[in-house]
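Chains Y and X, in that order, are what the protein sequence lines are.
According to the numbering used here, the residues represented by the first sequence are 1 to 318, in order.
According to the numbering used here, the residues represented by the second sequence are 1 to 295, in order.
Note that these hints are calculated values from the structure, not bench results.
For glycine and all other residues, C-beta sits at the position ideal for the given N, C-alpha and C.
Just to be clear, a hint being listed does not mean it is correct.
Facing chain Y, according to a computed beta carbon distance under 8 Å, are these residues of chain X, among others [as the list claims (entries may be wrong)]: (1) Arg20; (2) Ala57; (3) Ile120; (4) Leu123; (5) Leu158; (6) Lys190; (7) Ile251; (8) Ala256; (9) His263; (10) Val275; (11) Leu277; (12) Leu291.
Far from chain Y, by Cβ distances over 10 Å, these chain X residues were calculated [as the list claims (entries may be wrong)]: (13) Arg19; (14) Phe26; (15) Ala32; (16) Asp59; (17) Pro69; (18) Ile116; (19) Tyr131; (20) Ala222; (21) Ile270.
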Amino acid sequence: MSDVVANSPVRPADPNSGGHPLALSRARRWRERAIRSALLACGLVSILTTAGIVVVLVWESIGFFREVSPWEFLTGSQWTPLFKPQNFGVLPLVAGSFLVAVGASLIALPVGLASAIYLAEYAPRRARKILKPVLEVLAGIPTVVYGYFALTFITPFIRQVFPNTGVFNAASASIVVGIMIIPMVASLSEDALRAVPRSLREASFGLGATKFETVTRVVVPAALSGVIASFILAVSRAIGETMAVTLAAGATPKLTVNPLESIQTMTAYIVQVSLGDTPFGTIEYKTIFAVGLLLFMITLAMNIASRFVLRRFREVYE
Amino acid sequence: MTTVSGAATSHFDAQPKKRRLVGEIFLWICFAATSFAVILLAILLIDILRQGAGRLAVDFLTHYPSRFPERAGIKSALFGTMWVVGFTGLLSFPLGVGTAIYLEEYAPRNWLTRVIETNIANLAGVPSIVYGVLGLAVFVRAMALGRSVLAGAATLALLILPIVIISAQEAIRAVPPSIRQAGLGVGATKWQALQHLVLPIAFPGILTGMILALSRAIGETAPLIMIGALTFIAFTPNTPLDEFTVLPIQIFNWAARPQAGFHELAAAGIIVLLVALLSMNALAIVLRNRLRKEL
């Protein structure tokens, strides 16, 4: 009996162990605990990242708001921090971001949802095998490439139709950002549609509904929370999009709803300042943190809203 | 009874033809929407190939940028990209995989775990330029790394961390629990079971996710502009503390100029960038298929 225990691979002879033969040695127990702590430390880095973002943005913005009142920042309609007379009203940048986001949504939401419906409900297996990778490639193309495409293809196209359009305009940026976020809407909405159980579709067919009626009155409503969540995420992505907008939309902060004019978004402004030679510590420099904080809060609110919609309005099937 | 059903039948018009036609039209609308993506991808690639193919030559890869489009190349950008992406991988791999192992294998169901998970989901939605602001304040200024390769890589590592974590979690989750239990059953400690049984099986999946995350890092522009990567550099980095530029920044710089000559350079740079991206994706797919063990 003692022979079996001694030769067992499970418990090699361990002078430190003592006590119960199956108890871990102190060294081993210590090692297990150290590994666990190291892994937890890795997990905490992500929390530190968020904390870092919040602290940096808030800290530097406090410096900014010592010189400019938050009221002036949030309600002013002139944004000219880089030349005299300086004005720090952020509304033109916010309007620019939303103009691009609305334009992009007009393209991406219907096209993305229709693609999702096709992929989830209609597409034959072979078509899916081609279309899914195409959408993935579209999603993986760097944004600076989309910016180039907007400048050299979409803008000239728009200017042929509307000759008065400037080289930089919101329409071109909206279209290209819309193209960028189609894959996101399509793939997230498709997941939501696929999660609707088969029995619902079959019940609908059983009542005599056509495929179209089943899709539009049963499947899409049942998946609505997922679809809307994908819409919100896509709009949030459009607001945070930077390089394509910087290249295509221009650098003219302007309160306008005319998509053929040059505008500037919050993100494009931050890029403009960091490309220039604005000295560190000046009020001009601090504007990027105030604008960054606003951008962060808007996108964070939308991401939280998206998850809330997903959880709160989800139809649960077994 | 008969009268009721008879009346119902006479008033009910199923209109099967009309309903089928509506359905048919709807199907074609959905098909057209999906094709829209395919057509756009084709137009984009053709547009870029047409403008950039003429500039692609060995000289383009081995020359430094220049004021004269005909002499300009992407040598510094190409080396910068390799340096930055290499260090991004070195930094994000242990952090991301460590977090994933913790969340999948160790984390108790408590508030801290919930905070970490919610936080990762939120970080995935933070605009990349915000990471640039963070990198500028923390790595460039507070840690005094300057506009170095290391500062850029650290910034991008934080940016892709959520992607690395989520894909590694999926890879680890896909390993059947019976494998762990078998390890624990023969007396392995938790970490031994992970190290020798679970992680080797999950490794191809983890690696695939890592490569895809790095292919995201390779195309990132905005955060690196924020931390002050330069747009005109005529040398290649020799240490992680050297200044650098990357391919997307070089492309941005050329695309933002009005002259057509520079636009062609930008297109040629995009071709190089897309080839790098597609080969990384292909590598990820090959690795996944090659290394996947049948369970």
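Against the structure, the hints:
| no. | hint | verdict |
| --- | --- | --- |
| 1 | Arg20 | holds (6 Å) |
| 2 | Ala57 | violated (20 Å) |
| 3 | Ile120 | holds (5 Å) |
| 4 | Leu123 | holds (6 Å) |
| 5 | Leu158 | holds (5 Å) |
| 6 | Lys190 | holds (6 Å) |
| 7 | Ile251 | holds (5 Å) |
| 8 | Ala256 | holds (6 Å) |
| 9 | His263 | holds (6 Å) |
| 10 | Val275 | violated (12 Å) |
| 11 | Leu277 | holds (6 Å) |
| 12 | Leu291 | violated (21 Å) |
| 13 | Arg19 | violated (5 Å) |
| 14 | Phe26 | violated (5 Å) |
| 15 | Ala32 | violated (8 Å) |
| 16 | Asp59 | holds (21 Å) |
| 17 | Pro69 | holds (15 Å) |
| 18 | Ile116 | violated (5 Å) |
| 19 | Tyr131 | violated (8 Å) |
| 20 | Ala222 | violated (4 Å) |
| 21 | Ile270 | violated (5 Å) |
Hints 2, 10, 12, 13, 14, 15, 18, 19, 20 and 21 from the earlier list are contradicted by this structure; the remaining hints agree with it.
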